[in-house]
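Undergrad: What follows is the residue order along each chain.
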Amino acid sequence: MTPNESISACSLRHRRAVRVIESFLLLMLAISIPLVVPIAARAEGAPNPLCAGCHMEDGNSVTPDFPKIAGLDAAYISKQIMDFKKFKRVSEIMGPMATQISDSEIDALAMYYSKQKRTPGVVTDKNLAEQGQLIYTDGIVNSAVPACSGCHGEKGEGTDKFPRLAGQHTAYLNTQMSNFKNIVRNNDARGVMRAITLRMTDQEMKAASEYIASLKGE
Amino acid sequence: MRILLIIALALLPTASVLAETPSDAATYQGIGSKGYVWNKLTPERAEALRLKGDMDRGREAFRGCRGCHKQDAFGRVDGIYPRLTGQYASVIIKQLTDIRAGLRLNPKMEPFISPDAVSVEEIADIAVFLSSLTTIKENGKGPGDQVRQGEALYVQRGCIKCHGSRGEGNEEKIYPALGAQHYSYLLREMELIKVGARGNSHPDMVVALKEISTADMEALADYLARLPDRRQAGMK
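Taken in order, these protein sequences are the chains called A and B.
Going by our numbering, 169 is the number at position 96 of the first sequence; the sequence numbering is gapless.
Going by our numbering, 1520 is the number at position 122 of the second sequence; the sequence numbering is gapless.
Among the hints, a few may not be true.
Here are the simulated EDC-like pairs of lysine to aspartate or glutamate, each with C-alpha atoms no more than 20 Å apart in a straight line [what the hints assert, rightly or not]: (1) A:K190 - A:E227; (2) A:K158 - A:D176; (3) B:K1592 - B:E1569; (4) A:K152 - B:D1514; (5) A:K161 - A:D233; (6) A:K254 - B:E1508; (7) A:K161 - B:D1514; (8) B:K1506 - B:E1549; (9) A:K234 - B:D1614; (10) A:K289 - A:D131; (11) A:K228 - B:D1476; (12) A:K190 - A:D156; (13) B:K1506 - A:D211; (14) A:K228 - B:D1614; (15) B:K1535 - A:D211; (16) B:K1608 - B:E1549; (17) B:K1559 - B:E1508; (18) A:K234 - B:D1514; (19) A:K254 - B:D1514; (20) B:K1506 - A:E277; (21) B:K1450 - B:E1519; (22) B:K1592 - B:D1614; (23) B:K1506 - A:D261; (24) A:K188 - A:D233; (25) A:K152 - B:E1609; (26) A:K158 - A:D211; (27) A:K234 - B:E1458; (28) A:K161 - A:D131; (29) A:K190 - A:D131; (30) A:K234 - B:D1454; (31) A:K254 - A:E291; (32) A:K254 - A:D156; (33) A:K234 - B:E1519.
Restraint ranges, calculated between C-beta atoms of paired labels, are given here [as the list claims (entries may be wrong)]: (34) B:S1611 - A:A148: 54 to 62 Å; (35) A:L207 - B:S1517: 48 to 56 Å; (36) A:Q276 - B:C1560: 18 to 26 Å.
These are calculated hints, taken from the structure and not from any lab test.
Predicted, not measured: the structure shown is a model, and the values here were computed from it.
C-beta atoms are modelled at their ideal positions from N, C-alpha and C, and glycine is treated no differently.
Chain A with its partners taken away, still in its complex shape (with noise of 0.2 Å):
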């Protein structure tokens, strides 16, 4: 046993709390923030306060588990909430707040947050980031992962399908990779992300967002 494995074998159970408890700190937050913030998002003109709790009225949200939605493209957010409300795409936090928005709202939000500026990411580890680079932009020839540039775009600004990568929260990214890889989320509709994150390791997912943090999208 390699000291890493002994560690993740004695602290599995440890993490496994720790995370129930993150869940549900995260849940009480996703709550908690829209009862306080309404008066001030609607001023603002966010159409929804129940989003901006979470992802602020500009779509930068600041607790970096929580996606900026600044930027994107509309029809990509439009899809997103549906397939949240569909319980397409499962999230413990989005499942019941897309419930919250209906239909007809969908689209005026998803204008909205797409017209908001993205603000820049940050980058916590810049050798790893220079890893990323390589993959993010030259892919990973050995296990033939294909460069993430190829769909999202070389500055990471993304499209209608493909979502604008750029300056996006690092955990959030390692999340989303690994809940592909896991098939926890597996509302890509080709299943393409599903096929890329299986033929990469942690420590590559990990790499590539890094450098999708500093990523401006133009």
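Let chain A serve as the given structure and place chain B on it in line with the hints.
TA: Quick look at chain B alone, frame taken from chain A:
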């Protein structure tokens, strides 16, 4: 002891069934299988050929291929992924539908070209889009000291009959254009065809390559990689 033997014998057929993993061996219809026809018109290929591909839709659909084949379908100069720029639509359609039909085995590409990932319409669209691309960039070349030898082999071995005097191929007959392809890719595919591992190849290709040494294939690839793109060669 005897009982054990009887039990073991009784279990033998079961064991052999279990050992025989459900491979594609039974359904494989590629080269080397009985009744193999290299250009057999599979239903999907017929459908893709019937559909009129659309350039703009093709550009959009090709986005999902760019992670490996790159922005202008140029592939990699190290030859790991081929240059598809300007390849004939008929050839693209045959390769894509053959991969889906399990004739050409390509596990790297499989998840990205499965029917879940790409529709038949999109195959037609991608083919039109790729065949129209004209970007010319420096492709992956060989050492360059065997070009004349490669040229001589190209004529002697009859490659010229199908692939043309300038490696331009033939759209109608589904013979790929070879000019300006990456050296390492040309070499790799020749080796695969030679041993029957490129499942959808023309039997004449296998025959031609069977008699050729690796050194000769290197010379051929050296020559072919230095031929111009078919449009540069004045071919349409």
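Undergrad: Would you mind marking each hint as holding or not holding in the structure?
TA: Hint check:
| no. | hint | in the structure |
| --- | --- | --- |
| 1 | A:K190 - A:E227 | holds, 18 Å |
| 2 | A:K158 - A:D176 | holds, 9 Å |
| 3 | B:K1592 - B:E1569 | violated, 23 Å |
| 4 | A:K152 - B:D1514 | holds, 19 Å |
| 5 | A:K161 - A:D233 | holds, 18 Å |
| 6 | A:K254 - B:E1508 | holds, 17 Å |
| 7 | A:K161 - B:D1514 | holds, 17 Å |
| 8 | B:K1506 - B:E1549 | violated, 32 Å |
| 9 | A:K234 - B:D1614 | violated, 47 Å |
| 10 | A:K289 - A:D131 | holds, 17 Å |
| 11 | A:K228 - B:D1476 | violated, 24 Å |
| 12 | A:K190 - A:D156 | violated, 24 Å |
| 13 | B:K1506 - A:D211 | holds, 16 Å |
| 14 | A:K228 - B:D1614 | violated, 44 Å |
| 15 | B:K1535 - A:D211 | holds, 17 Å |
| 16 | B:K1608 - B:E1549 | holds, 18 Å |
| 17 | B:K1559 - B:E1508 | violated, 32 Å |
| 18 | A:K234 - B:D1514 | holds, 16 Å |
| 19 | A:K254 - B:D1514 | holds, 18 Å |
| 20 | B:K1506 - A:E277 | holds, 18 Å |
| 21 | B:K1450 - B:E1519 | holds, 8 Å |
| 22 | B:K1592 - B:D1614 | holds, 12 Å |
| 23 | B:K1506 - A:D261 | holds, 19 Å |
| 24 | A:K188 - A:D233 | holds, 13 Å |
| 25 | A:K152 - B:E1609 | violated, 57 Å |
| 26 | A:K158 - A:D211 | violated, 36 Å |
| 27 | A:K234 - B:E1458 | holds, 10 Å |
| 28 | A:K161 - A:D131 | violated, 26 Å |
| 29 | A:K190 - A:D131 | holds, 7 Å |
| 30 | A:K234 - B:D1454 | holds, 16 Å |
| 31 | A:K254 - A:E291 | violated, 28 Å |
| 32 | A:K254 - A:D156 | holds, 19 Å |
| 33 | A:K234 - B:E1519 | holds, 18 Å |
| 34 | B:S1611 - A:A148: 54 to 62 Å | holds, 56 Å |
| 35 | A:L207 - B:S1517: 48 to 56 Å | violated, 32 Å |
| 36 | A:Q276 - B:C1560: 18 to 26 Å | violated, 47 Å |
Checked against the numbered hints above, the structure violates hints 3, 8, 9, 11, 12, 14, 17, 25, 26, 28, 31, 35 and 36; every other hint is satisfied.
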